[in-house]
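Visitor: If you read the protein sequences in the order shown, they are chains A and B.
Residue numbers for the first sequence follow our numbering, beginning at 9 and rising by one.
Residue numbers for the second sequence follow our numbering, beginning at 283 and rising by one.
Note that these hints are calculated values from the structure, not bench results.
Some hints here could point you the wrong way.
To be verified - Computed far set for chain A versus chain B, every beta-carbon distance over 10 Å:
1. V34
2. A55
3. E104
4. D136
5. L160
6. L254
7. P256
8. I258
9. F288
10. R295
11. L312
12. Y322
What the hints assert, rightly or not - Only pairs whose alpha carbons sit at most 30 Å apart, straight line, appear in this in silico DSBU-like list of lysine-lysine:
13. K237/A to K247/A
14. K69/A to K58/A
15. K299/B to K169/A
16. K251/A to K237/A
17. K454/B to K369/B
18. K454/B to K15/A
Computed from a predicted model, the values in this text were never measured in an experiment.
Beta carbons: idealized from backbone N, C-alpha and C, even for Gly.
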Amino acid sequence: MANYLIKRILMLFPLLLGITLITFTVIHLAPGEPVEMQVSMNPKVSAASKERLRKFYGLDKPLHVQYGTWLANLSRLDFGRSFSPDNRPVRDKIAERIPITLSLNIIALILEFGLAIPIGILAAVHRDTLIDRGISVFVFVGFAVPTFWLALLCMYFFGVKLSWLPISGIHSLGSDRLPLMARSLDLARHLVLPVAIATFGSLAGLSRYMRSTMLEVLSQDYITTARAKGVRERAVIYKHALKNALLPVITLLGFSLPGLIGGSVIFETIFAIPGMGQLFYQAVMARDYPLVMGILVIGACLTLVGNLLADLCYAVADPRIRHGEG
Amino acid sequence: MNNGVNGPYTRFWRRFKTNRFAVAGLCVILALFALSFCASFLTPYDPDALDAWHVLLPPSMAHLFGTDELGRDVLTRIIYGARVSLKVGFVAVGIAVVIGTVVGLCAGFYGGWMDAILMRLVDIMLCFPTFFLILAVIAMLEPSIWYIMVIIGLTGWMGVARLVRAEVLSLKSRDFVLAARVLGASDARIIFRHILPNALSPVLVSATLGVAGAILTESALSFLGIGVQPPTPSWGNILTAGKDYIEFAWWLSLFPGVAILVTVLSYNLVGEGIRDALDPRKQ
Numbered sequence: 009m010a011n012y013l014i015k016r017i018l019m020l021f022p023l024l025l026g027i028t029l030i031t032f033t034v035i036h037l038a039p040g041e042p043v044e045m046q047v048s049m050n051p052k053v054s055a056a057s058k059e060r061l062r063k064f065y066g067l068d069k070p071l072h073v074q075y076g077t078w079l080a081n082l083s084r085l086d087f088g089r090s091f092s093p094d095n096r097p098v099r100d101k102i103a104e105r106i107p108i109t110l111s112l113n114i115i116a117l118i119l120e121f122g123l124a125i126p127i128g129i130l131a132a133v134h135r136d137t138l139i140d141r142g143i144s145v146f147v148f149v150g151f152a153v154p155t156f157w158l159a160l161l162c163m164y165f166f167g168v169k170l171s172w173l174p175i176s177g178i179h180s181l182g183s184d185r186l187p188l189m190a191r192s193l194d195l196a197r198h199l200v201l202p203v204a205i206a207t208f209g210s211l212a213g214l215s216r217y218m219r220s221t222m223l224e225v226l227s228q229d230y231i232t233t234a235r236a237k238g239v240r241e242r243a244v245i246y247k248h249a250l251k252n253a254l255l256p257v258i259t260l261l262g263f264s265l266p267g268l269i270g271g272s273v274i275f276e277t278i279f280a281i282p283g284m285g286q287l288f289y290q291a292v293m294a295r296d297y298p299l300v301m302g303i304l305v306i307g308a309c310l311t312l313v314g315n316l317l318a319d320l321c322y323a324v325a326d327p328r329i330r331h332g333e334g
Numbered sequence: 283m284n285n286g287v288n289g290p291y292t293r294f295w296r297r298f299k300t301n302r303f304a305v306a307g308l309c310v311i312l313a314l315f316a317l318s319f320c321a322s323f324l325t326p327y328d329p330d331a332l333d334a335w336h337v338l339l340p341p342s343m344a345h346l347f348g349t350d351e352l353g354r355d356v357l358t359r360i361i362y363g364a365r366v367s368l369k370v371g372f373v374a375v376g377i378a379v380v381i382g383t384v385v386g387l388c389a390g391f392y393g394g395w396m397d398a399i400l401m402r403l404v405d406i407m408l409c410f411p412t413f414f415l416i417l418a419v420i421a422m423l424e425p426s427i428w429y430i431m432v433i434i435g436l437t438g439w440m441g442v443a444r445l446v447r448a449e450v451l452s453l454k455s456r457d458f459v460l461a462a463r464v465l466g467a468s469d470a471r472i473i474f475r476h477i478l479p480n481a482l483s484p485v486l487v488s489a490t491l492g493v494a495g496a497i498l499t500e501s502a503l504s505f506l507g508i509g510v511q512p513p514t515p516s517w518g519n520i521l522t523a524g525k526d527y528i529e530f531a532w533w534l535s536l537f538p539g540v541a542i543l544v545t546v547l548s549y550n551l552v553g554e555g556i557r558d559a560l561d562p563r564k565q
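This is chain A alone, in the form it adopts within the complex (with noise of 0.2 Å):
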């Protein structure tokens, strides 16, 4: 097991490195520069100015040692100042966005969860039947509709037809000023549709996932057994085949990690939720290298780590991969 997790956590380094290496090439060797895009408002500026300007941002040194001031930066978690007016350092950006995003996202993680498990176990016990067809039918639509338009349908009727939710923002105009309950109702009242597409948009996957490995756990030999020995069939599907089919699902888990600070650009123009992928779509449209770069390194490294604990939980559970690789 020790061996396992060094050689694990040893392979990390080269592939963060292959992160940084393609995130920046692939920011810098788009067309269209920051200092354009500033200027580009304004006629009166001077070619000297530009010039200033991008000695400022450092983008006048060539491109190697830009990555390599950028690399050493970030190695001590320093991932720059934003290219936007207010200068402010990336982390700071960053960090004054991921509660929202990340709040909503494990709201909506739990629902899900706790949805798509009692769906794939329904599905897999009524295999076939009637109540199967029925979640094939939700799963296949599930996978199909754009989330995007899902949450304009419902704006639109709940929000503008029934009136019963608001459609945007996560505050209503002035609610700083009442009482804590009053805005904590506030609050989650604009959280509702955000949160019920976003937990929609994920429900159908994780359901399928679930009935299938219920399906296989369901066809082995030792279920049979309980079977045969005249275990009640609650008890075989609760006690003996639930624990086995749940372990690959938990493992999901790892790889939500991302999700869960990276947040939807989509949901959050929508809705106008000021969370991570609002910064990040705000990002890219102003050419902000840092904020973006930072953005999706951060992102990519989670994707890693989740990977890695998602590997992990599974060598844990299961003697087979434990031995086998270390």
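With the hints as your guide, set chain B onto chain A.
Guide: Only chain B this time, still in chain A's reference frame:
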């Protein structure tokens, strides 16, 4: 192979046919192709013609899906928009399949350091939040449908590479490949005659599902305003207008979304159908 004997294609088709959903999906896709090819014969309206007198009309006999904020017929724009979606799906997945197949073949066939480097590249690419990466690149380029197709392709080949590599690894040591090698066949001949045709069937499934994904990604990008640019209609950019006029014109939001849903659903059903038809464990 078409005279009813048990050729692999006939067998495949016979099994595919038994899946009603997959056949329905295939019909929808074929119908969409037909629609988008004959678009100019099917509708009396010009997709780009502005009509200030008929702005935001609800669905009626004259305009089955209503009109948009510039008086254009929504049904016409959805039919023309199908061209974009179908094209994006095919070209993007085509690019992904070609890159993925080449990478997977090289890694699986040659092994060693080539395999190590290519597979680490796959690992790295898989770490990136794909939509963020696509967004970053597209937004910095001039928005154009060609860039979108290329970028979706360039960020979507990793799954294919892994599939092909796994297939190649298992095929490489099979008897018929060893026999070809003993007979003195060149690497190129072994790869193209013996390995590639056998390695491609799982790729077909992932390509079909990939088309569905590419259509969803394009519509999301166009919805955000960095995909297909107006006045060229695409399902995503009609929805952008739908969002702006959501309080007055539900038909602008409903119909393009249904079009995306039905198309993506059809591709997914066909993909599943192909998977089941190729799976030797299922009868």
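Visitor: A separate judgement is required for each hint: does it hold in the structure or not?
Guide: Hints and how they fare:
1. V34: violated (6 Å)
2. A55: Nearest chain B Cβ is 23 Å from A55/A, so the label holds.
3. E104: holds (19 Å)
4. D136: Check passes; 13 Å lies beyond 10 Å.
5. L160: violated (5 Å)
6. L254: holds (24 Å)
7. P256: holds (18 Å)
8. I258: holds (21 Å)
9. F288: Not fine: 6 Å to the nearest Cβ puts F288/A too close to chain B.
10. R295: Label violated. Min Cβ-Cβ 6 Å, cutoff 10 Å.
11. L312: violated (5 Å)
12. Y322: The assertion about Y322/A holds, with a minimum of 17 Å to chain B.
13. K237/A to K247/A: This hinted pair holds, its Cα atoms lying about 14 Å apart.
14. K69/A to K58/A: holds (15 Å)
15. K299/B to K169/A: Between K299/B and K169/A the Cα gap is close to 44 Å, so the pair fails against 30 Å, i.e. violated.
16. K251/A to K237/A: holds (19 Å)
17. K454/B to K369/B: Violated: K454/B and K369/B sit about 35 Å apart, past 30 Å.
18. K454/B to K15/A: holds (28 Å)
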